[in-house]
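Start from chain L and add chain V with the ligands according to the hints.
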Amino acid sequence: MLSLILRRLLQAIPTLFLLITISFAMVRAAPGGPFSTERALPPEVERALQARYHLDEPLPQQYLRYLGSVVRGDLGPSFRYEEYSVNDLIAQGIPVTARLGLFAMALALLVGIGLGIAAAWWHHSTVDRLFMLAAVTGISVPSFVLAPLFILLFAVLWHWLPAGGYAPGTIAPMVLPVLALALPQMAYIARLTRGAMLEVLRSPFIRTARAKGLGMRLILLRHALRPALIPVLSYAGPALAGLLSGSVVVEQIFGLPGIGRFFIQGALNRDYTLVMGVTILAGVVIILMNLLVDLAYMALDPRLGARG
Amino acid sequence: MALLSIEGLRVTYPGMQGSLLHVVNGVDLELYAGEVCAVVGESGSGKSQTAMAAMGLLDEQAQVSGVIRFQGNDLVASKAWHGVRGSRIAMVFQDPMSALNPYLTIERQMTEVLMVHKGCSRLDARDRAIKELNHMRIPDAARSIMRYPHEFSGGMRQRVLLAMALLCEPDLLIADEATAALDVTVQAQILQLLKEVRDSHHMSIWIITHDLGVVAALGDRVAVMYAGRIVETGPVQEVFDQPAHPYTQALLEAMPRDDQPLRPIRGQPPSPAAIPPGCPFHPRCPRCFDPCDKEMPRGMSLSGEHKAACHLLSHPQELAS
Ligand SMILES: Nc1ncnc2c1ncn2[C@@H]1O[C@H](COP(=O)(O)OP(=O)(O)OP(=O)(O)O)[C@@H](O)[C@H]1O
Ligand SMILES: [Mg+2]
Chain L
485 MLSLILRRLL
495 QAIPTLFLLI
505 TISFAMVRAA
515 PGGPFSTERA
525 LPPEVERALQ
535 ARYHLDEPLP
545 QQYLRYLGSV
555 VRGDLGPSFR
565 YEEYSVNDLI
575 AQGIPVTARL
585 GLFAMALALL
595 VGIGLGIAAA
605 WWHHSTVDRL
615 FMLAAVTGIS
625 VPSFVLAPLF
635 ILLFAVLWHW
645 LPAGGYAPGT
655 IAPMVLPVLA
665 LALPQMAYIA
675 RLTRGAMLEV
685 LRSPFIRTAR
695 AKGLGMRLIL
705 LRHALRPALI
715 PVLSYAGPAL
725 AGLLSGSVVV
735 EQIFGLPGIG
745 RFFIQGALNR
755 DYTLVMGVTI
765 LAGVVIILMN
775 LLVDLAYMAL
785 DPRLGARG
Chain V
508 MALLSIEGLR
518 VTYPGMQGSL
528 LHVVNGVDLE
538 LYAGEVCAVV
548 GESGSGKSQT
558 AMAAMGLLDE
568 QAQVSGVIRF
578 QGNDLVASKA
588 WHGVRGSRIA
598 MVFQDPMSAL
608 NPYLTIERQM
618 TEVLMVHKGC
628 SRLDARDRAI
638 KELNHMRIPD
648 AARSIMRYPH
658 EFSGGMRQRV
668 LLAMALLCEP
678 DLLIADEATA
688 ALDVTVQAQI
698 LQLLKEVRDS
708 HHMSIWIITH
718 DLGVVAALGD
728 RVAVMYAGRI
738 VETGPVQEVF
748 DQPAHPYTQA
758 LLEAMPRDDQ
768 PLRPIRGQPP
778 SPAAIPPGCP
788 FHPRCPRCFD
798 PCDKEMPRGM
808 SLSGEHKAAC
818 HLLSHPQELA
828 S
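Protein chains in written order, with our numbering: chain L, 485 to 792; chain V, 508 to 828.
This is chain L alone, in the form it adopts within the complex (with noise of 0.2 Å):
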């Protein structure tokens, strides 16, 4: 297990070195520059600004210094806030996005699981039916299009929630942001589940558990939900990594300063390292939930041998 641990990082090293070098070069194909706003500065203003940030090097120099500096750990200056490093803004948006995606996968994880075991229970009943008719209308509707809605619903029509504003240790202002984000997740995993506990039902050993007069309970709980998990599992690591790309709007929806705003304000502005450093926090998150998707694989299926 360790050297497996180990075999991926180690792996993970080129994956994010092509990362870098891509987004860099995109993000540099990007027309327009950090400077250049509504009012055109100054030539020497602009010129010495160009000066402290190195963008008068030619590129392959920035590339270098910059591949330099992230490998010690440095993200670099952001362009816009001054007074900031990458590291720091990353530093301040991460409790609020790691917040609303864990709350989110949890809660679309477990309630998506639950649905799905109780379709599978009830299958081709009505209760299946219209779990399934939900999690299609579920699947459809984008978080974008959720959270407008919930805010014009919960919060301006019936007052139940605030729409947004964000204040440490509060928890009012995440429920919406979570709920949107979490729903087509829920419900993409309810199918999921469903789907894959109705094959693993139709597997010998479940003969086997009926024919030892196992009640339905233990069967579906015991002896199908397990394998049903693997799927789901494996869609779920990924997914994790994902709802980054999905809190970035619904973070600009509700006006919570996470990652994803940071991501948004960057791209607009031409931020150039704290766009860099977003992408690059999510290729080591997506790297990190793979990883943690197979030792779970490891853990759950006693034929990977995690006692080999």
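Read the hints as simulated data drawn from the structure, not as lab findings.
Among the clues, some could well be false.
[As the list claims (entries may be wrong)] Here are some chain V residues pointing at chain L (derived, C-beta under 10 Å):
1) Val591
2) Ala597
3) Ser605
4) Asn608
5) Tyr610
6) Gln767
7) Leu769
[What the hints assert, rightly or not] Anything over 12 Å on all C-beta distances counts as not near chain V; from chain L, calculated:
8) Val529
9) Leu533
10) Pro561
11) Phe638
12) Leu702
13) Ala751
[Stated by the list, open to error] Distance ranges between label pairs, derived from CB positions:
14) L/Pro626 / V/Lys625: 48 to 58 Å
15) L/Arg787 / V/Asp634: 44 to 54 Å
16) V/His589 / L/Ala651: 55 to 65 Å
17) L/Ala582 / V/Lys625: 24 to 34 Å
18) L/Leu772 / V/Gln524: 48 to 58 Å
The beta carbon of each residue, even a glycine, is placed where N, CA and C say it ideally should be.
Structure of chain V with the ligands alone, referenced to chain L:
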């Protein structure tokens, strides 16, 4: 009184375009306490479906009619398999490689049977399970029980499944091709175990097999199935020595022997969607004559327990020719 008596069992499935698939077509079968009854027949003749009906394990779409009386209760009418399935009637299946849950230890899969049916504590159940594994000659049972199925060979897994089926000391064990997926030496070992089980546990065994060698080795009585019906039944020795039904004769002749070339039965068994009128075997029967394609032959007693359903039996002049 029979331990299990099946009367007029029919199983049909809805087929394409409103048609019906006649999978089991009026099976009558009786199993007595302590006997080994072997059901043989070509693939698709409905052997497994009959057994699955007795276990109440058929698909939801299956339409079942007839009587399956176990220890006096009609299971089809009452649907009272609770307390019977897995405890009074146990079943082992063909493929031991996929019949165990790969995600759970042997201990978990065995103890749950006793905990559900006998209300045993986990520790008691574990002791019982280890004992049963020992009976089945699983080496080092106390440690083996903690392992997962993939750590066992096919033969060992079938022993585990057998041990699992015997945990509640059932009155009837159904073994559906329990040795078919194993290689010859392992087959012989499992057969030996089944013999010992028959003698030591004093239970009835219903074996389903293609292998007439298995029938000869283990069976007290044999029932020959064709197209969802039992066409001949009787004591193994009698049926093997004097098969009355041409299908049984053909089956026995098709049995591989060292000194003779294989003589497979000509033609194919009918599909459950289109069972021929009259005797379903008539299109393949070498002795087919006048009433065979029109009338269904009724079961006739030859001598005591030996019965067959063939028009030849009621037409002595044809039989002689
Ligand atoms: N769920 C089902 N729906 C429709 N037909 C089925 C279903 N299950 C089984 N059958 C059909 O029932 C017939 C009898 O099947 P069964 O499994 O009892 O045969 P068998 O005698 O056990 O054969 P084998 O020796 O190959 O195991 C087959 O033709 C099969 O295709
Ligand atoms: Mg079969």
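For this session: Against the structure, test the hints numbered earlier, and report the numbers of the ones violated in rising order.
Result: Structure breaks hints 6, 7, 12, 15, 17.
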